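Protein chains: 2
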Amino acid sequence: MTDAAPSPAASSLALPTPYLLFVGDVAEPGYAKTAFGLRDWAGDKCVGECAVTEDAVRIGLTRMTPAEAAAAGARALVIAVANRGGFIPESWRASLVGALAAGLDIISGMHVRLADVPGLAEAAVRHGRRLIDVRVPPADIPIASGRKRAGLRLLTVGTDCALGKKYTALALADAFSARGIDCDFRATGQTGIMIAGGGMPMDAVVSDFEAGAAEILSPDAAPDHWDVIEGQGSLLHPAYAAVSLGLLHGSQPDVVVVCHEPGRREVLGAPGYEVPSVEEVVSLTLALGRRTNPSIRCGGVAFNTSHLPAAEAEALMEQESRRLGLPVADPMRRGPLFDRLVDACLA
Amino acid sequence: MTDAAPSPAASSLALPTPYLLFVGDVAEPGYAKTAFGLRDWAGDKCVGECAVTEDAVRIGLTRMTPAEAAAAGARALVIAVANRGGFIPESWRASLVGALAAGLDIISGMHVRLADVPGLAEAAVRHGRRLIDVRVPPADIPIASGRKRAGLRLLTVGTDCALGKKYTALALADAFSARGIDCDFRATGQTGIMIAGGGMPMDAVVSDFEAGAAEILSPDAAPDHWDVIEGQGSLLHPAYAAVSLGLLHGSQPDVVVVCHEPGRREVLGAPGYEVPSVEEVVSLTLALGRRTNPSIRCGGVAFNTSHLPAAEAEALMEQESRRLGLPVADPMRRGPLFDRLVDACLA
Numbered sequence: 001m002t003d004a005a006p007s008p009a010a011s012s013l014a015l016p017t018p019y020l021l022f023v024g025d026v027a028e029p030g031y032a033k034t035a036f037g038l039r040d041w042a043g044d045k046c047v048g049e050c051a052v053t054e055d056a057v058r059i060g061l062t063r064m065t066p067a068e069a070a071a072a073g074a075r076a077l078v079i080a081v082a083n084r085g086g087f088i089p090e091s092w093r094a095s096l097v098g099a100l101a102a103g104l105d106i107i108s109g110m111h112v113r114l115a116d117v118p119g120l121a122e123a124a125v126r127h128g129r130r131l132i133d134v135r136v137p138p139a140d141i142p143i144a145s146g147r148k149r150a151g152l153r154l155l156t157v158g159t160d161c162a163l164g165k166k167y168t169a170l171a172l173a174d175a176f177s178a179r180g181i182d183c184d185f186r187a188t189g190q191t192g193i194m195i196a197g198g199g200m201p202m203d204a205v206v207s208d209f210e211a212g213a214a215e216i217l218s219p220d221a222a223p224d225h226w227d228v229i230e231g232q233g234s235l236l237h238p239a240y241a242a243v244s245l246g247l248l249h250g251s252q253p254d255v256v257v258v259c260h261e262p263g264r265r266e267v268l269g270a271p272g273y274e275v276p277s278v279e280e281v282v283s284l285t286l287a288l289g290r291r292t293n294p295s296i297r298c299g300g301v302a303f304n305t306s307h308l309p310a311a312e313a314e315a316l317m318e319q320e321s322r323r324l325g326l327p328v329a330d331p332m333r334r335g336p337l338f339d340r341l342v343d344a345c346l347a
Numbered sequence: 001m002t003d004a005a006p007s008p009a010a011s012s013l014a015l016p017t018p019y020l021l022f023v024g025d026v027a028e029p030g031y032a033k034t035a036f037g038l039r040d041w042a043g044d045k046c047v048g049e050c051a052v053t054e055d056a057v058r059i060g061l062t063r064m065t066p067a068e069a070a071a072a073g074a075r076a077l078v079i080a081v082a083n084r085g086g087f088i089p090e091s092w093r094a095s096l097v098g099a100l101a102a103g104l105d106i107i108s109g110m111h112v113r114l115a116d117v118p119g120l121a122e123a124a125v126r127h128g129r130r131l132i133d134v135r136v137p138p139a140d141i142p143i144a145s146g147r148k149r150a151g152l153r154l155l156t157v158g159t160d161c162a163l164g165k166k167y168t169a170l171a172l173a174d175a176f177s178a179r180g181i182d183c184d185f186r187a188t189g190q191t192g193i194m195i196a197g198g199g200m201p202m203d204a205v206v207s208d209f210e211a212g213a214a215e216i217l218s219p220d221a222a223p224d225h226w227d228v229i230e231g232q233g234s235l236l237h238p239a240y241a242a243v244s245l246g247l248l249h250g251s252q253p254d255v256v257v258v259c260h261e262p263g264r265r266e267v268l269g270a271p272g273y274e275v276p277s278v279e280e281v282v283s284l285t286l287a288l289g290r291r292t293n294p295s296i297r298c299g300g301v302a303f304n305t306s307h308l309p310a311a312e313a314e315a316l317m318e319q320e321s322r323r324l325g326l327p328v329a330d331p332m333r334r335g336p337l338f339d340r341l342v343d344a345c346l347a
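Protein chains in written order, with this note's numbering: chain A, 1 to 347; chain B, 1 to 347.
Calculated from the structure, these hints are not laboratory results.
Among the hints, a few may not be true.
[Said to hold, decoys possible] Some but not every residue of chain B turned toward chain A, in silico, with C-beta under 10 Å: (1) Asp140; (2) Ile143; (3) Ser145; (4) Leu236; (5) His237; (6) Pro271; (7) Thr292.
Bear in mind that the values here come from a model prediction, so they are computed numbers and not experimental data.
No residue lacks a Cβ here, since even glycine has one placed at the ideal position from N, Cα and C.
Given only the sequences and the hints, what does the whole structure look like? Please build it.
Laid out in structure tokens, this is it:
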């Protein structure tokens, strides 16, 4: 489908880095989650930040113009904010055209296509730069072959959407690296793709190619190399299970980590649907994942306890760990519980 | 994604009928399966056939020009053959342009987009006609809501691809109608869509919208109305399970019929993958389907026994029916076994 896209061909599998983080005129930090995520998880890929108004949100990097960023080595401007409505206002356009003129590509995860913003496509052609919409999958994704690939793979899965599958994968990849393990974080959503500097927007892939997209996202690797793959959706979500199953089959994970938010009762966007139990998701994931990797196992459980006090969270995780017979940890609260989860994944 | 398509907006959910079946210069009946399928399953939607050479394959309808077909009530020319390579040769173009001039729309299930065939897009605009690629899903498919819809639904599922899910659904819909039951065949692939005069090309839908596409394919209906939905792929196919699960969740079937080809050992296109057992597919389908319809049940099993002599096929089906505790029938061999399958679906 992507060959009909109006933007120049641009694969999200490999983005130009490092980045200049663009926040436009957004003053509300809640709309700058992508910028903070990039700062926190991909600081080595960020050379500075850029705004069009003095009172725009501060990310904590050096403010610079696109030309200064280019001189400092930046290769792309990332639109690192999402305003209400998801559009690109006219007040940003001069900066974006200026970035192209300064030799930067532009990367966006917004719904609107960059080429549909008046003036951008012409400016990109004029300056020989690329407009990269990370929501657009690369062209020519193959049908999955099911062939077992070399290397080791971990996939985060969830009892629901939006409860920490990306952060869990990032934290595990960090922990693996800290132990000297050769490992890559493999991103499957737009924020993750910007953090990783590449990836596959799994929810935008045509369903016939879903498993094939997951296969090319984590190619053959050395026998002791780990791909830590960001999960999407949930096998029991009435809207998104197709994404989750294609990703599971194509990823062929050796290890899955089930992500869960204690206390969440109802599935996001599906009134009347109860959040399934961790046990149910473990057993369904292993049953389905066995099809492409018979040695799949569950490494443990990641809890999102951001709404609980530390002591309460820890007690709950200890208790659930005993009940489930699996390590349970919150990847945002490092410590012995998290170390035990990492141990179990690598066991 | 479809809003970027070069062809005029055209929804495959409702096609203009009746059809003129176009076979071009194709002489080999094996390449005219769509034409024969339309003749056999949608004879009431076909006013005639049209060729560009005298020795082209004969479908058994009246040969006529596009103008004669239009005069006889046809509203669209259907490209009802697939040549090797899947392209539209230059020798067909005059007929296709002639059909547009005669007031017919053109419907194609080929991989090439009609608007990409030189001259067609301009002719369509000139004559105010539509070019309809049934592989292109309609725009604005919603995210699935999971809301339970009124009416009854049957979905055919399979132990593999290409073993009779479409024919089983068509035969069951025929049998339901013959018993006076209000029912619609709901098509999910290009041939089925042409037969039904509409439908949803499920494998071409972006995965985030897969279940949502299945939801709009079989909307709310009267409490005793049946939608008989054509299945796609297989939950255990390493490439296509995403399509199958999205279709299962969005269809919310009350009844599933598992389609199987006895003797097939290896999954199509996936070397090394054994075809799963019928029991395995029954239990996995019910486990997953329960999420959006807790009262899902298996109505029985459809065997594709086209490679077996009649007596041998019947003996095998009797034996498997006893073993599985479910009706087993070949929908292409009508008789008591098939009647029993229909009874069980409606029970």
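Closest C-beta approach of Thr292 of chain B to chain A relative to 10 Å, hint status:
Holds: closest Cβ of chain A sits about 5 Å from Thr292 of chain B, inside 10 Å.
Is the interface hint satisfied for Asp140 of chain B? The criterion is a beta-carbon contact with chain A at less than 10 Å.
Interface hint status for Asp140 of chain B: violated (13 Å vs cutoff 10 Å).
With 10 Å as the cut and Cβ atoms as the points, is Ile143 of chain B at the interface with chain A?
5 Å, holds
Chain A contact restraint for His237 of chain B - C-beta distance below 10 Å:
8 Å, holds
Status of the Leu236 of chain B interface restraint (C-beta, 10 Å, chain A):
This hint holds: Leu236 of chain B lies near chain A, its Cβ roughly 6 Å from the closest one there, short of 10 Å.
Interface hint check: Ser145 of chain B, Cβ to nearest Cβ on chain A, cutoff 10 Å. Holds or violated?
7 Å, holds
Against chain A, run the beta carbon of Pro271 of chain B and see if the smallest gap drops under 10 Å.
8 Å, holds
Of the hints listed earlier, the one the structure fails to meet is number 1.
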